[in-house]
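Visitor: Spelled out, the chains give:
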Amino acid sequence: MVHILYIEDDKEIGHWVSTDLTERGYKITWLQSGENMESYLTSIDLAILDVMLPGLDGFSLGKRLKKSAPDIPIIMLSARTAVEDRLEGLRFADDYVTKPFHPDELAARIEVLLRRFQRHDEVLEIKHLQIYPKDMRIINKNNEEEILLTGKQYHLFQYFIRHLNQILTKEQLYEGIWGESYIEGDKTLMVHIRYLREKIEENPSVPTVIETIRGIGYRVKQ
Amino acid sequence: MRNFFRSLLAKYMLLIVIAISLVQIASITIGLFVYGFAENVENRYLKEGIDTETIEERWHEDASHLEQISEEVIQQHFAKWKEDFPEATMFWVDGSGILREKIGSNHDIPTEWSARETASFIKSRYDGDPFTVIALMEESDGFIVFEIPREALQLPMQSVYDHYGDILIIGLLSIVLLFIIVSFLFFHRIRKRLLHLQEAMEIRDVDGLPLAIPVKKKDEIGQLEQTFNQMVDELRKSKQREQEEERLRKELIANLSHDLRTPLTKLRAQSYSISKMDQGAEWNKAIQQLEVSIKDMDRLIENLMSYTLLTASKYQIKRKEIDIVRYVREHLATWYPVFEKEGFEINIDLQPLDSSYWEVDPVWISRIIDNVLQNILRHTKEGKYVEVKTKTTETYDALLFNDKGDGIDKGSDYSGAGIGLSIIDMMVQGLNLDWEIHSSNNGTTVKIIKYHKK
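Residue numbers (our numbering), protein chains in the order written: chain U, 1 to 222; chain V, 1 to 454.
Just so you know, the hints here were simulated from the structure itself, not pulled from any lab data.
Incorrect hints may have been included.
[Stated by the list, open to error] Under the rule of at most 27 Å between Cα atoms (straight-line distance), these lysine-lysine pairs were calculated in the DSSO-like manner: (1) U/Lys221 with V/Lys447; (2) V/Lys82 with V/Lys102; (3) U/Lys63 with V/Lys447; (4) V/Lys389 with V/Lys314; (5) U/Lys199 with U/Lys221; (6) V/Lys266 with U/Lys11; (7) V/Lys318 with U/Lys63; (8) U/Lys27 with V/Lys276; (9) V/Lys341 with V/Lys285; (10) U/Lys221 with V/Lys389; (11) V/Lys318 with U/Lys221; (12) V/Lys216 with U/Lys187; (13) U/Lys187 with U/Lys199; (14) U/Lys27 with U/Lys63; (15) U/Lys221 with U/Lys152; (16) V/Lys447 with V/Lys314; (17) V/Lys391 with V/Lys404; (18) V/Lys276 with U/Lys11; (19) V/Lys391 with U/Lys170; (20) U/Lys170 with U/Lys199; (21) U/Lys27 with V/Lys266; (22) U/Lys187 with V/Lys295; (23) U/Lys11 with V/Lys295; (24) V/Lys389 with U/Lys127; (25) V/Lys341 with U/Lys170; (26) V/Lys384 with U/Lys221; (27) V/Lys276 with V/Lys266; (28) U/Lys170 with V/Lys447; (29) V/Lys389 with U/Lys170; (30) U/Lys170 with V/Lys276; (31) V/Lys216 with V/Lys318; (32) V/Lys250 with V/Lys295; (33) U/Lys221 with U/Lys141; (34) U/Lys199 with U/Lys127; (35) U/Lys127 with U/Lys221; (36) V/Lys381 with V/Lys320.
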C-alpha cells in the first residue's frame with residue numbers, strides 16, 4: 001500500500017484530504033507540523049506539504065526532505081499562488097498544486113509522481129495490454145502472450161508509461177530517449193513509433209494504445 | 001575662514017601673489033645688483049664730471065698751449081694725460097705724416113699717414129668707438145690724437161646691460177615661464193580631478209546605483225564629491241525603501257490571496273463532501289453551480305493578484321530566448337485533456353515561424369495563453385471549438401487562437417473576462433509583443449503578434 005505523508009496545519013482541510021485519499025486506497029499519515037517528519041522518512045512513498053505551517057514552513061521542510069531522501073516525490077499543496085512561490089517550490093518539489101484544488105486533480109498528480117518515481121507495484125491495464133511497470137513486462141490479454149520489445153522500442157514504451165496520460169511532443173520524446181536535440185523533419189522517431197505500434201496495437205493502422213494527438217504529439221492513456 | 005584657506009580660490013590667489021612678488025623681488029634684486037655694480041665698478045670719470053665734451057675741450061686746449069713741439073714735449077704731454085686716463089691711447093703724427101710718438105694699448109695705428117689714410121681714419125672714428133679727439137697743431141707740427149674706449153665713459157646701467165643683458169632677459173623670461181608652468185599645473189590638476197570625478201560618478205554598482213567617491217581634499221571639488229556621496233546615500237536609502245515597500249506589497253498581496261483561498265478550499269471540501277451524497281438531479285445541479293462559482297472565485301483572486309502586481313510593475317519578469325512554437329505546443333499539451341474532457345473540437349496547427357526564437361519570459365507566455373484559453377473554455381460552451389494556429393506574414397509572426405463562441409460582447413456570461421483581458425494586454429506589452437482581438441457572432445480570434453525586426 002502506498003504510504004503518503006501529509007503535513008497540513010488547517011484541521012478542516014487536513015481532515016478532508018486525509019479522508020478522501022484514504023478512500024482512494026492510500027495509507028495517509030497526517031501531521032499538523034513538520035516536527036516529527038524525520039521518523040517517517042523510511043516508510044513513506046510520497047509527501048504532500050502545505051507551505052504556511054507553524055514553525056518551519058513547507059519550503060524548508062521540503063528542502064530537508066529532498067536532501068535526506070531524494071527518491072521520495074514531493075507535492076507542494078498551497079494557497080500561495082504567486083509565480084515566485086511556485087518557482088521557489090519547484091526548485092526542490094516535484095509538483096506544485098494550488099488551493100482550492102479538486103481532489104481528483106490531486107489524486108491524478110499523486111499517480112503521475114508515483115509512476116515517475118516507480119513507487120507503484122500496480123499492474124496497468126491499457127486497452128488489450130496488461131503492463132507490469134517495475135520490470136516492464138507487457139502481456140497481450142487477447143492471447144496471454146508476452147510482447148517482447150527491443151532497444152529503442154522498449155525505451156520508447158517505457159517513456160510513455162512513465163508519462164502515462166500525458167501528451168508528449170516529438171521533441172520531448174526524441175530528447176528523452178535519444179538524449180539529443182530534435183531536428184525538425186527528422187523521421188527517426190516516426191519510424192520507431194510505427195515499429196512499436198506494429199508490435200503492440202491490435203490494428204496498427206488504427207492505433208488505440210499510442211494515440212496521435214494532432215498538432216501536438218502522442219499519448220498513452222489509461 | 002579655515003575653509004577659505006582650503007579653497008582652490010585661495011590657492012590660486014596665493015599663486016598670483018607669489019608671481020607678482022617674484023617679479024617685484026626680481027626688480028629689486030636687479031636694482032640692488034646694479035647699485036652694487038656701480039659701487040664696485042666705480043666710474044671715476046663720471047664721478048669727477050668728466051665726459052666726452054670736457055675731454056674734447058681739454059684736449060684741444062692743451063694742444064693749443066703746447067709750444068716748441070718736440071718728442072720730449074709730446075711725451076710729457078701724453079704722460080700727463082695717461083695718468084688721468086689710463087685706458088686711453090694717444091699718438092702724434094707730424095706735419096710730414098710720420099707717426100712720431102705713441103702711448104697706449106692700441107697697436108693698430110699706421111706709421112705713415114697719407115691724406116687718404118687720414119681721411120679714412122677720421123671717417124671711421126667719427127661718432128665711433130673708441131671715442132677719438134684729434135687736435136691740430138701748427139702746420140709743420142701735425143696733429144695729436146686721443147682715443148679712449150667709450151665703455152670707460154659709460155653709465156653703470158649701460159655697462160650692466162652690456163655685460164649682463166642676456167642673463168637679465170633670460171631671468172625675466174624664466175619667471176614668466178615659471179608662472180605659466182605653475183598655472184598650467186594648477187589647472188591641469190584641477191582638470192584631472194574633475195575628469196576623475198566624472199569617471200567615478202559614472203561607475204555603477206551591481207544594483208545600478210552610483211558608488212560613493214573617496215573624498216581626499218576639502219576644497220571645492222572635495223565638497224562636490226561630498227555632496228555627490230550624500231546624494232548616492234540618499235538614492236540608496238530611497239531604493240531600499242522602495243524595495244522594502246515592494247516586498248511588503250508583494251507579501252501583502254500574497255498573504256491576502258492565501259487568506260482568501262484557504263476558506264475557498266474549505267468551501268470546495270464541503271461541496272465535494274455534499275456532492276457525494278447523491279440526492280437527485282436538482283441537488284447535483286446545485287452542487288455543480290457551486291463548483292463553478294468556486295472555480296470562478298479562484299480565477300478572479302488569481303487575476304486580481306496578477307493585475308495588482310502588473311499595474312504596479314512588480315510582476316517578476318525573466319526573459320530568455322525560447323523556441324516559441326515548441327513552448328506553445330508543450331503548453332497546449334497540458335490544456336488538451338481539459339478541452340477534451342469538455343468535449344471541444346480541438347484543432348492545433350503549429351508550423352515553424354519566420355523567427356521561432358522569441359526573447360520572452362516563458363511564465364508570462366504561459367499566463368497569456370492560460371488566460372486566452374480559460375476565456376475560451378468558460379465563455380464558448382456553445383461553439384465547443386478551439387483552434388490554435390501559427391501565422392507568418394511579411395511583417396510579423398503570430399499565434400492565433402480561434403473559437404466559435406458567440407462573441408465577447410454578448411451576454412453577462414463574459415463577466416470577469418475584462419480583468420483577464422487587461423492582464424493579457426499588460427503582459428503582451430510587457431514582452432514587447434502586440435495583440436489583436438476580433439469578436440463577432442461567429443466567434444473570437446485572439447492574435448499574439450511579434451513584428452519582425454526592421
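Visitor: Does each hint fit the structure? Answer for all of them.
Guide: Here's how the hints hold up against the structure:
Restraint check for lysine 221 of chain U and lysine 447 of chain V: the C-alpha separation of about 32 Å exceeds 27 Å, so the hint is violated. At most 27 Å may separate the alpha-carbon atoms for a hinted pair to count; lysine 82 of chain V and lysine 102 of chain V meet this at roughly 11 Å. For a cut-off of 27 Å, the pair hint linking lysine 63 of chain U to lysine 447 of chain V is broken: about 41 Å separates their Cα positions. Between lysine 389 of chain V and lysine 314 of chain V, the direct Cα distance comes to roughly 31 Å. Violation of the 27 Å bound is thereby established for this hinted pair.
A distance of roughly 18 Å separates the Cα atoms of lysine 199 of chain U and lysine 221 of chain U; the hinted pair therefore holds under the 27 Å criterion. Distance restraint check for lysine 266 of chain V and lysine 11 of chain U: the Cα-Cα separation of roughly 10 Å lies within the 27 Å cut-off, and the hinted pair is therefore satisfied. Distance hint between lysine 318 of chain V and lysine 63 of chain U is fulfilled; the C-alpha atoms sit about 24 Å from each other, no more than 27 Å. Note on lysine 27 of chain U and lysine 276 of chain V: the hinted pairing holds, with a Cα-Cα distance of about 21 Å set against a maximum of 27 Å.
For a cut-off of 27 Å, the pair hint linking lysine 341 of chain V to lysine 285 of chain V stands: about 18 Å separates their Cα positions. Of the pairs offered as hints, the one joining lysine 221 of chain U and lysine 389 of chain V holds, with about 25 Å between alpha carbons and a cut-off of 27 Å not exceeded. Proposed proximity of lysine 318 of chain V and lysine 221 of chain U is contradicted: the alpha carbons are some 35 Å apart, above 27 Å. With a C-alpha separation of about 71 Å, the suggested pair lysine 216 of chain V and lysine 187 of chain U falls outside the 27 Å cut-off, and the hint is violated.
Simply put, lysine 187 of chain U and lysine 199 of chain U have alpha-carbon atoms about 19 Å apart, close enough for the 27 Å limit, and the pair holds. For a cut-off of 27 Å, the pair hint linking lysine 27 of chain U to lysine 63 of chain U stands: about 23 Å separates their Cα positions. With a C-alpha separation of about 20 Å, the suggested pairing of lysine 221 of chain U with lysine 152 of chain U holds against the 27 Å cut-off. For a cut-off of 27 Å, the pair hint linking lysine 447 of chain V to lysine 314 of chain V stands: about 26 Å separates their Cα positions.
For the hint linking lysine 391 of chain V to lysine 404 of chain V, the alpha-carbon distance of about 19 Å falls within 27 Å, and the restraint holds. Simply put, lysine 276 of chain V and lysine 11 of chain U have alpha-carbon atoms about 21 Å apart, close enough for the 27 Å limit, and the pair holds. Using a Cα cut-off of 27 Å, the hinted pair lysine 391 of chain V and lysine 170 of chain U holds, with the two alpha carbons roughly 21 Å apart. At roughly 20 Å between alpha-carbon atoms, lysine 170 of chain U and lysine 199 of chain U fall within 27 Å of each other, so this suggested pair holds.
Taking the CA atoms of lysine 27 of chain U and lysine 266 of chain V, the gap is about 22 Å. The hint holds against a cut of 27 Å. Annotation: proposed proximity of lysine 187 of chain U to lysine 295 of chain V is violated, straight-line Cα distance about 43 Å (limit 27 Å). Distance check on the hinted pair: lysine 11 of chain U and lysine 295 of chain V sit about 22 Å apart at the alpha-carbon level, within 27 Å; holds. Between lysine 389 of chain V and lysine 127 of chain U the alpha-carbon distance is near 32 Å, which puts this suggested pair outside the 27 Å criterion.
Note on lysine 341 of chain V and lysine 170 of chain U: the hinted pairing holds, with a Cα-Cα distance of about 23 Å set against a maximum of 27 Å. Proposed proximity of lysine 384 of chain V and lysine 221 of chain U is supported: the alpha carbons are some 23 Å apart, at most 27 Å. For the hint pairing lysine 276 of chain V with lysine 266 of chain V, the CA-to-CA distance comes to about 16 Å; that is within 27 Å, so the pair holds. For the hint pairing lysine 170 of chain U with lysine 447 of chain V, the CA-to-CA distance comes to about 25 Å; that is within 27 Å, so the pair holds.
A threshold of 27 Å between alpha carbons decides the hint, and for lysine 389 of chain V with lysine 170 of chain U the separation of about 18 Å falls inside it, so the pair holds. Restraint check for lysine 170 of chain U and lysine 276 of chain V: not satisfied, since their Cα atoms lie roughly 40 Å apart, outside the 27 Å limit. Proposed proximity of lysine 216 of chain V and lysine 318 of chain V is contradicted: the alpha carbons are some 42 Å apart, above 27 Å. About 23 Å separates the Cα atoms of lysine 250 of chain V and lysine 295 of chain V, which keeps this hinted pair within 27 Å; it holds.
For the hint linking lysine 221 of chain U to lysine 141 of chain U, the alpha-carbon distance of about 17 Å falls within 27 Å, and the restraint holds. At roughly 14 Å between alpha-carbon atoms, lysine 199 of chain U and lysine 127 of chain U fall within 27 Å of each other, so this suggested pair holds. Under the criterion of a C-alpha separation no larger than 27 Å, the hint pairing lysine 127 of chain U with lysine 221 of chain U is consistent with the structure, at around 9 Å. For the hint linking lysine 381 of chain V to lysine 320 of chain V, the alpha-carbon distance of about 36 Å lies beyond 27 Å, and the restraint is violated.
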